Structures are given as structure tokens and as C-alpha cells.
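Undergrad: So you can see what is in the structure, the chains are spelled out below.
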Amino acid sequence: VDDQLQGLRADVEANVDVPDFDHVAARADRVRRRRTMVASAATALLVAIVAVGVTRSFDSARTIQPVHQPVPHVDRKAARVVLAHPGAYVDTDASRVDGHGDVLSEVRFGTVVGAHGACSGTTRSTALRWLGANGRTTAWLERPRPLLALPNGFVVGALPAGCRTGAASDGRAYLVDSSGVPRGITWAAGAERICGPQPRDPRCRYDVATRRGSLVTETHLPAGAVLLQSAAEGMMWARSGDARRIYWSRDGRSWRSRATSLPAEAMEDASAAGRCAALAGQTTLEYTSDAGHTWHSRDVSEALRSVRHSDIDWTVTRSGDLLGVTEVVGRGDVLFRSTDASWSHFVETHVHTGFGLARPAVEGGTVYVPDTNGFLISNDNGVSWQRTPPLP
Amino acid sequence: VADDAYVRDIYEASYRRLVAQAYAVAGDRVEAEDAVQEAFARAVAAGARFHRVDNPEAWLRTVALNVIRRRWRRTRLFSSLSPRLATPTDVPGISEDHVAVVAALRGLPFQQRETIALFYLADMSVQEIAATLGVADGTVKSRLTRGRTALAELLQTTVEALGG
Chain Y
1 VDDQLQGLRA
11 DVEANVDVPD
21 FDHVAARADR
31 VRRRRTMVAS
41 AATALLVAIV
51 AVGVTRSFDS
61 ARTIQPVHQP
71 VPHVDRKAAR
81 VVLAHPGAYV
91 DTDASRVDGH
101 GDVLSEVRFG
111 TVVGAHGACS
121 GTTRSTALRW
131 LGANGRTTAW
141 LERPRPLLAL
151 PNGFVVGALP
161 AGCRTGAASD
171 GRAYLVDSSG
181 VPRGITWAAG
191 AERICGPQPR
201 DPRCRYDVAT
211 RRGSLVTETH
221 LPAGAVLLQS
231 AAEGMMWARS
241 GDARRIYWSR
251 DGRSWRSRAT
261 SLPAEAMEDA
271 SAAGRCAALA
281 GQTTLEYTSD
291 AGHTWHSRDV
301 SEALRSVRHS
311 DIDWTVTRSG
321 DLLGVTEVVG
331 RGDVLFRSTD
341 ASWSHFVETH
351 VHTGFGLARP
361 AVEGGTVYVP
371 DTNGFLISND
381 NGVSWQRTPP
391 LP
Chain P
1 VADDAYVRDI
11 YEASYRRLVA
21 QAYAVAGDRV
31 EAEDAVQEAF
41 ARAVAAGARF
51 HRVDNPEAWL
61 RTVALNVIRR
71 RWRRTRLFSS
81 LSPRLATPTD
91 VPGISEDHVA
101 VVAALRGLPF
111 QQRETIALFY
121 LADMSVQEIA
131 ATLGVADGTV
141 KSRLTRGRTA
151 LAELLQTTVE
161 ALGG
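Respectively, the protein sequence lines represent chains Y and P.
Per this note's numbering, the very first residue in the first sequence carries number 1; after that it's consecutive.
Per this note's numbering, the very first residue in the second sequence carries number 1; after that it's consecutive.
So here's chain P without its partners, still in its complex pose (with noise of 0.2 Å):
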């Protein structure tokens, strides 16, 4: 119970941030909050380990991170043989700008838009990137420019379609 105590104050502290981190890499509201949840669920599993863990939002965002990236792995496999006819879904609320943001991430590659979502919604610096996903400094640098300039090119394209 004190073990799930201990999670829980980051739970509340927490949730809404890795949300936000996890939404702009699924591009999902429904898969980023059920991968936050179930980093949180092994966070709770975990008991006394996860106490020693230094910096527990950091953990929670990487197992979160990995949940995204094995489904990605599963579902990358299976779009391959079947057409793509999933909806995204969003966050409820969000304005119509934030919306064409995610609209604009999700076509983005994968690892563009886990390393912009890292940078930009979770503060984290390059080597900090570099170190989590196990990539040296300069691809950190690389994915940055070249997601930057693809994601500015298409909000560009949104604006105007949206403009007629």
C-alpha cells in the first residue's frame, strides 16, 4: 500500500505531462494515455524497486516510450499487409491549432517525432536524447533540423487548405 502510495503522488503529479509527451509521439490520445497508464501499472508492479529509481518521471516516460515503440514495431508489421483505416483520436478540448500540430507530427517519422516530441514537450537536451535512445549526438541534431522543417512545411500546408 505504501508502494502504491509512492506512485500515486507522481501519478497526480505526473499524468498530465507524460500525456503530453506520449500524445505527440503516438499521435493518439487513446494509445498515449493507455501507455502512460500502463508504465504507471509497472511503476505500481515494480514495489520497492521503483523507489530506488533516481528520477521516476523519467522512468515512467521511457517505459512509456517503449510501449508506443514495441506497438509501433507490431502495427508497423501488420499495416504493411493491410490498409491503414484507424482514426486517430485527440484530445477533447485542445484548439483547432494544437490539433493540426498532432495532424502534422503524425506525418512525421517515427523517430522524428519521438526525438521533436522529447526535445520540445519533455525539455530534454540533445545528449539527454542522444542517451535515451541510444543514438549519438549529431542524429539527435539531424532529426531535429530535418523533422523541424518537414513539420513547418506541413502546418504551412494545413494553414492554407484551411484558408481555401
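Just chain Y, with the same shape it has in the complex (with noise of 0.2 Å):
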């Protein structure tokens, strides 16, 4: 591994071919407009791709049956195992924390998957541990497959096609409760084909307490846009590529849209949970509370006079509350938050994590962020945060 690491980057400087300092030169003087770039290409081809991929999906036939899916078998005793090797850690990225607090975490030792779908190696490295709100913890033997957060549970997907072993459950996706126990899902028609191996394609419906998964086949996004908030909260929300324009809608059938007012080198991004949304520059925001009814601009540098700040990654929670990420020099990312409804005042949180802070995420009324094997996380929009316990 040491002369492939070391080799790779003399393979690499050799092929690389240095741009025209120029375009570095020309880039220059939009930083010095902007301090910030809003688009990449990297982050625009991203965009574009899974544009293609979600309107391709659309136009896959349905299948015609209903399914009723047995009751998962899970292995609780080799989970145990899992979580009890020395080289155990949890993978943040592919695991998610649901409307209630809780958490369903994936345990890995050794080999891992790839980022980009590769298979696991081993079939007993793995385990999901779910991790309830009120302390209680379980765990099972499962390989790694997509999962979905919802408002009281979770989704787990079926194992991707090529990581299949021959066994029927391999292709079944089922669901886990609000108390951490997995159940099969009784799909409507047509339902399991999509939304089985694909259990966050933004058509697909899930009800915990029925235990039934559904496809809204007329479900579908604005061209080019990005989803920010599935159906699962009551209404989707999405935005355009270049976060100026954010979409609404309650069925995903119709939607509504506002563009932004705001200058293109004030704009950042887009973030929306429940019925509250905002349209995010650097100081500057324009927001709604109610589903999109009435917009209202803020501008909320005057309020951030007690923070220092660099660049911000916004993030509006549900009940309207605004929290912010930055970086503040000698002392990495800082989490600060909103202490009013009129975005008056902002204060610090006392929120670190291993390797700094990504933006946090929001499902029903829980705002998280992810830490090294775990999560914070907070039940009241910032003010308290609590970190998932270690592995055992």
C-alpha cells in the first residue's frame, strides 16, 4: 500500500498538464467580488447526472402485483460480533437519524463498500445497530444497503443487484419501526420494483404504523432541480442547480416556484424542512413559514455581529429556527444558531466533532450532524446537542 500510495502521486504530477494561469487569473476577480464560488464543475456535473437519473427513472414500466413481504430474519447474535471487533466503526455516510431522534447506524469492520456502489467483500463484516431516542439499542447482521430516514423509522433497502447472493431476501427491502424492529413491507402495485432498490426515489410513500409502500407514479421533479425535502414531511421542496430558484409542492404532482431576488454573488444555497424554506446568501436570506405562501427577505449581518464568520452554510429547521456553519480561523467550523423567530441574535454552540463539521441535516423535528462513529444530535432545533453513544 506505502509504493502504491507513493507511486500514485508521482503517476499523477506526470500526467497532470497545468491550465493556463489565465483562467486562475480570471477566477481571481470573481473571488475578489464574491469571496466565495457558488458553482464547480464538479458539483454541476453531480447535479446534471442524477437530473438525468431521477427522469430516467420515471419512464421504467411497472410491475402490476402486490406484494406482501415476509418478516425479515435478522441475526442478532452475529451483530454482536460485528460491534464487538476491535477495528469496528460506524460509516456516518451511509447511515441516518429519523424524525424521532432516532438512529440506525452502519457497522463495519474491515473490508468496506465503495462510495460508489462496489460490493462488500465479506458478508458477515457488517450490522445495523438502531439506536432509540429514549436510550434502548438493538442490532442485526445485514450487509450494506441503501437506507432511508423517515419520520418514525426507517427504511432498508433491498442489496443492489450485482451484491446479491442468491437468497430471496437479498431483494426485499423492509422497514423498522419506531422501536427499532424490522418489519416486511406490504408494497402496492408496482411499488417494490422501484422503490425496493431504490427506496429514496422521490415517488415512493412509506407508512410505518401500515407497514405499506407505495409508488405515486405521477410523482415528479422540475427539470434540473435538486430535491431538498422528500414527501414523507407533508410537502416537497426542491431547488434549481444554481439554488436561485427553490419548488414546492404537496403531491409532487404540481409545483410552485419563487426565483430570488438576490444578486448572483450574494446567493449560496437552498435549505427547507416542514412548511419553512429559505433562499440563503452570505447575509442575506429570503424565507418563508407557511408552505411558501409569503415570502419575507432578512438581512441578518447586523445580527451576526456577536459571530465571527467566514463563509456560511445555512440551515433552516423546521419550527424556522436558523443555525449556520462557519469556519473561524485557529478554531475550525462553529455551529451557531438562532435565538429568536426574527433572526435577531445568534450564539455559538458548543457542537465539534472529529474532523469539522458538515452542514446539519434535518428530518422531522431532529437537526443532526455527523461525527466520527456517530452523530450529534439535538430535539430542540440546536439549543442541546447529544452524541450517539460509542460502540460497545
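These aren't lab readings, by the way, just hints derived from the structure by calculation.
Computed from a predicted structure; not experimentally measured.
Cβ coordinates follow ideal geometry from the N, Cα and C atoms, glycine included.
Hints may be right or wrong, so weigh each one.
[Claimed, not checked] One-sided and incomplete, this derived list gives chain P residues near chain Y with beta-carbon spacing under 7 Å:
no. : residue
1   : R8
2   : V44
3   : R52
4   : P56
5   : G93
[Said to hold, decoys possible] Just so you have them, the derived chain P footprint on chain Y, three or more residues with Cβ under 8 Å:
no. : region
6   : 2-10
7   : 13-23
8   : 77-91
9   : 357-367
[Stated by the list, open to error] So the derived list for chain Y, only partly shown, Cβ under 8 Å to chain P, looks like this:
no. : residue
10  : R27
11  : V31
12  : R32
13  : A133
14  : A167
15  : G252
16  : D313
17  : E327
18  : T372
Please dock the two separately framed chains into a single complex, following the hints provided.
TA: Laid out in C-alpha cells, this is it:
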């Protein structure tokens, strides 16, 4: 490994062409105007490919048979072996937090799954660990599968087609209810083929209480839009690729939208949770707290005087509170939050992680950020934070 | 113009080296080059302040890593809602063995990948990495050990797959 990594450096350096410096100088002019680039070639590429992918998946044919799935068999004894392995760790990229603050963690040791869908080398080196907000925990052996957080539970998707061993359970998705119990899904006609392997498809709907999964085939995203909030929260939000327009819909069929009036140089991103959404510049935000019926503009630069900030990543919570992550020189990433509904005052939180702060994610009433081997979770809009317990 | 000339000299000397390091962290050639170019653009925009930086290449590396980390911060949230469909781009012309190394690096968690890249491709010590990332020395050592083990297994899997 050491030799290959050393060789990689020399090989890359020998094969990279140095672009004309004038391109950098031109880019510097834009940096001078705004300090931060809004778009990048890589992000644009990602957005375009996802948009094409979602559009293509909408055109897929449907199956017609409703399917009742059996209760999944779980192996808790083998899971304890995984959790107790000295090399075990939580893959926070694959793990999820639901709207109650329950966590479904993917725990693994040894061979890992590639970020772009490669299969695990073994079948007994990964487990799912459910951590209830009430402190209860349970775990079972499971190969890496796509996970989806719901307001009150999780969907564990089917194994990717190329990773199945032939067992029928490999191709079945299942639910994890609010008690951490795996449950079979009763699929509506045509839903399993789409939603089983890709539970995060925006057309898929789930009801944990009745253990049903269904497909709303008429659901679509506006062209080129990126989903911000799925239908599980009662309404869908999406943003345009350049984040200058935000879309919302209750049913995923008909969409309304609003384009920002902020100058291009000021635009950063869009954020949405529940009925609240914001088009965010660095210190100016356009927001709604009533599902897009009315919009307001607010300049928070005065309120941020007490916070030493650079570039800010904004997150709006379901209750309309505003969270920001910024980098403070010498102190790393800092998370601060609004203390009042009018965002007239902000205070720093004491949230710190082992590798810098990811922008907080919102699921229902839960706000969370990933940390090494777990999450920091807040159920009061960022006022207090709990770290998930370590592996046993 | 003088400021630009100063940055241009560093650009000619350091660009390839920084791209190699960023490529190992980002796992994507386009993203790596974009981050490094952004770092140089910010250096130009910083003007005389950049002259006062003791170690310009370290400053540029830190900015490029921050750009990648910030992008990760955003795409991470995005990828939790939408399936991963993007195909990463490699540096054209590098050997198949090294393409496999980068593919294996992509399989590591972000913080392990970042630590390994700084140690092996930027020749930084454990202490320097700990200071750069704001973590304890032990954390860096742990990430290096764990990342190296996982990387070896991933590379073994790749070799076996290529061998049929």
C-alpha cells in the first residue's frame, strides 16, 4: 500500500497538465467580487447526472402485482460479533437519523463498501445498529444496503442487484419501526420494483404504522431540480441547480416556485424543513414559514456581529430556527444558531466533531451532524446536543 | 500584476503536486483541479496578504482541502436524499494500478482518506496532520492504521476481481 500510494503521486504529477494561469487570474476576479464560488464543475456534473438519472427512472416500466413481504429474519448474535470487533466503526455516510431522533447506524469492520456502489468482500463484517432516542439499542447482521430515514422509522432497501447471493431476502426491502423492530413491507402494485432497490426515489411513499409502501407514479421533480425534502414530511421542496429558484409541492405533481431577487454574487444555497424554507445568501435570506404562501427578506448581518464568520452554510429547521456553520480561523468549524423567531440574535453552540462540521441535516424535528463513529443530535433545534453512544 | 507574478511562480512549481494530493482526497480529478484552482484564485485575490504567508504551498493545500471538505459537507446532505449516480473522473494517462488505488481510496470514509492523502502524498508528519485537521495525534495514527488496513483489503479485492 505504501509503495502504491507513493507511486500514485508521481504518476498523477506526470500526467496532470497545468492550465494557463490566465484562467486562475480570471477566476480570482470573481473571487474578489464574491469571496466564494457558488458553482463548480464537479457539483454541476453531479446535479446534471442525478437529474438525468431521476428522469430516466421515472420512465421505467411498472410491475402490476401487489406484494406482501415476510418479516425479515435477523441475526442478533452475529451482529454482536461485528459490534465487538476491535476494528469496528460507524459509517456515518451510510447511517441515518429519523424524525424522532432514532439512529440506524451501519457498523462495519475490515473491507468497506466503495462510495460508488462496489460490494462488500464478506457478508459477515457489517451490521445495522438501531439506537432509540429513549436509549434502547438493538442490532442485527446486515450487508450494506441503501437506507432511508422517515419521520418515525427507516426503510432498509434491497441489496444492489450485483451484490446479491441468491437468497430471496437479498432482494427484499423492509421497514424498521419506531421500536427498532424490522418489519416486512406490504407493497402496493408496482411499488416494490422501483422502491425496493431505491427507497429514496421521490415517487416512493411509506407508512410505518400500516407497514405499507406505495408508488405515486405521477410524482416528478422540476427539470434539473435537486430534492431538498421528500414527501414524507407532508410537502416536497426542491431547488434549481444554481440554487436561485426554490420549488415546493404537496403532492409532487404540481409545483410552485420562487426565484430569488438576491444578486448572483450573494447567493449561496437553499434549505427547507417542514413548512419553512430559505434561499440563502451570506447574510441575506429570503424565507417562508407558511409553505411558500408568503415570503420575506431578512438581513442578518447586524445580528451576526457577535459571530466571527467567514463563508456560512445555512440550515433552516422545521420550527423556523436558523443554524449556520462557518469556519473561524484558528478554531475550525463553528455552529451557531438563532435565538429568536426574527433571527435578530445568534449564539455559538458547543458542537465540535473529530473532523469538522458537516452542514446540519434536518429530519422531522431532529437536527443532526455526523461525527467520528456516530452523530450529534438535537431535538430542540440546536439548543442542546446529544452524542450517540460509542460502540460496545 | 506583481502579486499575480508571485502567485504564478508558485503555480508553475506546485500545481501538479497539489492536484495529486487533492485528487487522493476528493477521488475525482475534476473536483481536485477545481479545488486547487480555487485555492490559487483566492491567493491572487488575497494580494499582498498572500506574500506574508510563511508557507504558501501549505496555505494553498489547506484552502483546497477546505474547498473539498465544504463540497463534501453539501453533497453529503444531498446524497442522503438522492441516490449516488455520478461517475468520478480519473486523471487520464495514469496506470491501471493507480486507478485502482484511487478507486480504493474512494471507498474510505472522508476523514481516513484525507489523513492518508496528507501523510503519503503531502509528506506531512503525524503532528503536522493533527495540527492541520485540528485533531489529536492519536486520532491521526488511528485513522492511518485503520485506513491503511482497509485500503489493503480493498486493493486485494480489486486484484482478485481483475484476476478473475
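Undergrad: Decide, hint by hint, whether the structure agrees.
TA: For each hint, the structure was consulted:
no.	hint	in the structure
1	R8	holds, 5 Å
2	V44	holds, 4 Å
3	R52	violated, 14 Å
4	P56	violated, 14 Å
5	G93	holds, 4 Å
6	2-10	holds (count 7)
7	13-23	holds (count 8)
8	77-91	holds (count 3)
9	357-367	holds (count 4)
10	R27	holds, 4 Å
11	V31	holds, 4 Å
12	R32	holds, 5 Å
13	A133	violated, 19 Å
14	A167	violated, 21 Å
15	G252	violated, 14 Å
16	D313	holds, 6 Å
17	E327	holds, 7 Å
18	T372	holds, 7 Å
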